[in-house]
Amino acid sequence: MTDTRLWWMIAALSATAFGFKALGFVALGGRRLPVVVERCLALIPAALLAALVVKDTVTIGQDVVLDERIVGVAVAAFATWRKMPFLVVIVAAMATTAAIRYGLGS
Amino acid sequence: MILRPLRAMEPEVRRVIAATMAVNVAVGIFGISFGVASIAAGADVLQTCALSFFTFTGASQFSAMSVVGAGGTATAAFGGAAILAARNFVYGLAMSRMLHFKRPTVPKRLLAAHFIIDESTALASAETDDRLRRIAFWSTALGLFIFWNLGTLLGALLGGAIDPEVWGLDVAFPAVFVAMLGAHLRTRRGRVAAALGALIFVVLVPILPIGVPILAAATAVLVGAWPDSRRRSAT
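Sequence lines, in order, name chains A and B. Quick note, in my numbering, the first sequence goes up one by one and the last residue is 106. Quick note, in my numbering, the second sequence goes up one by one and the last residue is 1235.
No wet-lab data here; the hints were simulated from the structure. A couple of the hints might just be wrong.
To be verified - One-sided and incomplete, this derived list gives chain B residues near chain A with beta-carbon spacing under 8 Å:
| hint | residue |
| --- | --- |
| 1 | A1064 |
| 2 | R1087 |
| 3 | G1092 |
| 4 | G1168 |
| 5 | A1193 |
| 6 | F1201 |
| 7 | A1220 |
Stated by the list, open to error - Quick list of simulated restraints, FRET-style, between CB atoms:
| hint | chain 1 | residue 1 | chain 2 | residue 2 | range |
| --- | --- | --- | --- | --- | --- |
| 8 | B | P1227 | A | L28 | 48 to 56 Å |
| 9 | B | F1054 | A | V64 | 28 to 36 Å |
| 10 | A | V37 | B | V1203 | 25 to 33 Å |
| 11 | B | M1098 | A | G105 | 48 to 56 Å |
| 12 | B | R1097 | A | D67 | 42 to 50 Å |
| 13 | B | M1098 | A | D63 | 41 to 49 Å |
| 14 | A | A99 | B | T1187 | 45 to 53 Å |
| 15 | B | F1053 | A | L104 | 37 to 45 Å |
| 16 | B | L1142 | A | G105 | 46 to 54 Å |
| 17 | B | R1186 | A | P85 | 40 to 48 Å |
| 18 | A | V88 | B | E1165 | 19 to 27 Å |
C-beta: ideal position from N, C-alpha, C; glycine also.
Throw the hints in and build the complete structure from the sequences for me.
Have a look at this one:
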């Protein structure tokens, strides 16, 4: 991606993020949406975060690749399940993957 | 009020400030990982800082740079991140019912809107008193904004000096997503949506261009249209 395209992406994303925040807080403030719509919107993080986890754990580009990332993310999942702090989750995952890579000499 | 020494505050206000500051500092350290990861994905320092300053919604920033790092198009990076940002719309709706300003002018409300994110919504909605809620909101909003941006800058400056693979930094993205996902798996609907989103993604990855399967995974939210089958246990 060129530098200019990346800048455009950042500008568009910033405008969109602010648009969503303001639309809910200022424009539609106080009004209720149909229950079904609110329920679907509430599920956005669950659906997208799960897909992003899979993307960054087992794919490279368009290929499914199984490597040491899986172990790191499994550690992150365990730490999250044990309700450990955010930072512990991230550092544990990174340290695990880094240690395996170091051990394999890659 | 915030400038007054912590000791001179009422105990309740002190409790709220202390709770929000703990979150703010943690998020600031977390901001370092965004800075480093964003540089590793191919952005420069200014672009990385611009994301934290203007976009200011962590999950979307991570998502966008994760797609950029994977070699996706700008449109694909934008699409997934924008859909993820849509939850701020829900937070805005919720906060508009909870946050009552003394003089709710439009500029003030627009300014407040920029700070409506996961943490400010969570901490403000944890309070029951109107005034404490405002304090919790602004303390998180401004404190977190400052710490997140400082953390990002620090990480971005460090980023160039680090080999991301050696330090396991490529795993920072999925680890962040796993940590954020945890809270959304408490309901059955959340678990079904997550499983479906992951499945849709992995099936479509080899077929569609990079970044597009993330957009397709968003259709899993339609699980929300399903009527409650067992009212008592439905959450």
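Interface hint check: G1092 (chain B), Cβ to nearest Cβ on chain A, cutoff 8 Å. Holds or violated? This interface hint holds because 2 Å falls under the 8 Å limit.
Does the closest beta carbon of chain A sit nearer than 8 Å to the beta carbon of F1201 (chain B)? At about 4 Å, which falls below the 8 Å cut-off, the nearest Cβ of chain A leaves the hint on F1201 (chain B) intact, so it holds.
Outcome of range test on Cβ distance (M1098 (chain B), G105 (chain A); 48 to 56 Å): 55 Å, holds
Taking 41 to 49 Å as the hint, is the beta-carbon distance of M1098 (chain B) and D63 (chain A) inside that range? 46 Å, holds
Hinted contact G1168 (chain B) with chain A - closest CB pair below 8 Å: For G1168 (chain B), the interface hint holds, since the closest Cβ of chain A sits about 4 Å away, which is under 8 Å.
When you take the CB atoms of R1097 (chain B) and D67 (chain A), is the distance between them in 42 to 50 Å? With a Cβ separation near 47 Å, R1097 (chain B) and D67 (chain A) satisfy 42 to 50 Å, so the hint holds.
Is 19 to 27 Å respected by the C-beta to C-beta distance linking V88 (chain A) and E1165 (chain B)? 22 Å, holds
Whether the CB-CB distance between P1227 (chain B) and L28 (chain A) falls inside 48 to 56 Å: Violated: the Cβ-Cβ distance is about 25 Å, outside 48 to 56 Å.
Within 28 to 36 Å or not, the Cβ separation of F1054 (chain B) and V64 (chain A)? 35 Å, holds
Is it true that V37 (chain A) and V1203 (chain B) lie within 25 to 33 Å of each other by Cβ? 27 Å, holds
Okay, R1186 (chain B) versus P85 (chain A) on CB: inside 40 to 48 Å? 18 Å, violated
May I ask you to test the hint 45 to 53 Å on the CB atoms belonging to A99 (chain A) and T1187 (chain B)? 35 Å, violated
The structure fails to meet hints 8, 14 and 17 from the earlier list, while all remaining hints are met.
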